[in-house]
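Undergrad: With chain B's structure known, arrange chain Y on it following the hints.
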Amino acid sequence: MAQKNIFTWTSLGFLCVFIVAMSFGAYYYTEYIKYQQLYSKTLKELQKYDRYVFVNILIDYGNSTKEWHNNTLIVRGADLLNATRIVSEVNYTRGTYGAFVTHINFVGGDPNTYWLWYSWNSTSSNWDFGPVACDAHILSEGETVAWIYTKF
Amino acid sequence: MYSKMKCSTIKLGFIGVMTALCVSSNYLLIGVLNVKFMDLFVFVSGYVMGSFAGALVGVLTWLVYGTLNPYGFNLPTLIATCIGESLYGIVAGVLPKFESNVSSATSAVVVEKRFWKTNLKIGTIGFLLTFVYDLFTNIVTGTVFEIPLVPYIITGIPFTITHEMSNFFFFFFGCNVLINAIQKIGILRR
Chain B
1 MAQKNIFTWT SLGFLCVFIV AMSFGAYYYT EYIKYQQLYS KTLKELQKYD
51 RYVFVNILID YGNSTKEWHN NTLIVRGADL LNATRIVSEV NYTRGTYGAF
101 VTHINFVGGD PNTYWLWYSW NSTSSNWDFG PVACDAHILS EGETVAWIYT
151 KF
Chain Y
1 MYSKMKCSTI KLGFIGVMTA LCVSSNYLLI GVLNVKFMDL FVFVSGYVMG
51 SFAGALVGVL TWLVYGTLNP YGFNLPTLIA TCIGESLYGI VAGVLPKFES
101 NVSSATSAVV VEKRFWKTNL KIGTIGFLLT FVYDLFTNIV TGTVFEIPLV
151 PYIITGIPFT ITHEMSNFFF FFFGCNVLIN AIQKIGILRR
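As they're listed, the protein sequences go chains B and Y. Following the numbering used here, the numbering of the first sequence begins with 1 at its first residue and continues without gaps. Following the numbering used here, the numbering of the second sequence begins with 1 at its first residue and continues without gaps.
I should point out that these hints are in silico values taken from the structure, not numbers from a laboratory. Everything numeric in this text was worked out from a predicted model, so none of it was measured. Hints may be right or wrong, so weigh each one.
[Said to hold, decoys possible] Calculated pairs, DSSO-like style, for lysine-lysine (alpha carbon to alpha carbon, straight line, at most 30 Å): (1) K184/Y <-> K117/Y; (2) K151/B <-> K66/B; (3) K4/B <-> K97/Y; (4) K184/Y <-> K97/Y; (5) K4/B <-> K117/Y.
Chain Y on its own, in the form it takes in the complex:
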């Protein structure tokens, strides 16, 4: 029971640290529209600690960042971003079950020859997740503010592309490395 509690405490601590990392990086990059490390960190959290932990990091991050935001606060949009962000964590949590080439919690060392191939797969997943997230949040925002959806989505394309491409590069270069670094700590178990 003590080991279960220990794991739970470690998990909570990890969630807290990752949430703080997401929130602080968001505020640091607030001047750069739609370029954020948050999605990468939420994905890594989900991959390392499971879907629930990843989703929780996403939701907690948005509860802080979405409320205390210089661009304003809107409850339906906040709910949509919480749900959208948790998607990164949820997908990351189920990913190891389907993909053996991506670093799993049981193997700490990535085979070097598969490194870039793995990165490309993670980058692709990041891109598609970002596409779904942007589409979902744009639909919700457009519906809430009663803006015609198709023109609203098309007008937002430059920001969407920026978000998707930046996340592709962050996931491509950073995800595998981060996962390995966290797993090498050794005390974290799913």
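Just chain B, with the same shape it has in the complex:
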């Protein structure tokens, strides 16, 4: 009789533990399903932005004044000139090798001082001099470029 009593109470105890465990399991399973659905929905929303990329643009005026335009959203395939025109006022001329920037945000035109562009090389941790005209360089996803007003 005593053994039957112990068995009964032990079973009730395990039933309580089972109820708690099942409750937690059911609750966290539904939370998992909910966040999985939210994640899928977010991915679908993000696909709308597949046509766009984020780039970082630095404008160094040469007098310690620097402007960072991080996470600038540009159309995939856009060149550096158009990207710069999104974040600043740009004046340029067309030459034999492409566009030549003369002013950025009304800064420019000083004797022997020109706007040069550079691209950040993450491997060497250095700025690489822009090899082509700014309108010939197509920006890639996450690229960091800099315009530096350089005096020669």
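TA: For chain Y alone, kept in the frame of chain B given last:
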């Protein structure tokens, strides 16, 4: 006949006192969701004075607390909570017949070595009663407000677990002690 009436008056007085205790503790703990001493007091009432008294304490408590409630009033939910709460009193009333280890109305002193074992049994009973109560009231509320039952019950799990665990601890630590304290008064008979 006079002794019968005396018992009846005492019973009524006890029901009134326990109902007042339940209602006041409910309002004191209104800011703490699903943590209430009411279930413990209803259970103790049923154990000490019988199923009818216990059920009556539960119903009367909810008639006051469920009507004058800052969270709102809903008749079907009130009926469900009255029925659910009376379950504590009814089960407590029949418990002494089946369990000799739990303090009975005839023995005022609990054997010390069985004290924690008894508490664990009462805690388990409290947990299971709370589970049934929560399930029943959630089903009724979900049906009344036309909410899909399974998602509604699952969403309420954190509150249910809080209610069940708090009642387990209240029943574990408080029930046996309260029953003993009330029985030592000596004038209360089932």
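Undergrad: Hinted pair, alpha-carbon criterion (30 Å max): K184/Y, K117/Y. Please report holds or violated.
TA: Answer holds: K184/Y to K117/Y is near 21 Å, not above 30 Å.
Undergrad: For the pair supplied as a hint, K151/B and K66/B, confirm whether the alpha-carbon distance does not exceed 30 Å.
TA: This hinted pair holds, its Cα atoms lying about 16 Å apart.
Undergrad: If you draw a straight line from the CA of K184/Y to the CA of K97/Y, is it 30 Å or shorter?
TA: Holds, at about 20 Å.
Undergrad: Between the alpha carbons of K4/B and K97/Y, is the straight-line distance 30 Å or under?
TA: 17 Å, holds
Undergrad: If you draw a straight line from the CA of K4/B to the CA of K117/Y, is it 30 Å or shorter?
TA: 16 Å, holds
The structure is consistent with each of the numbered hints, conforming to all of them.
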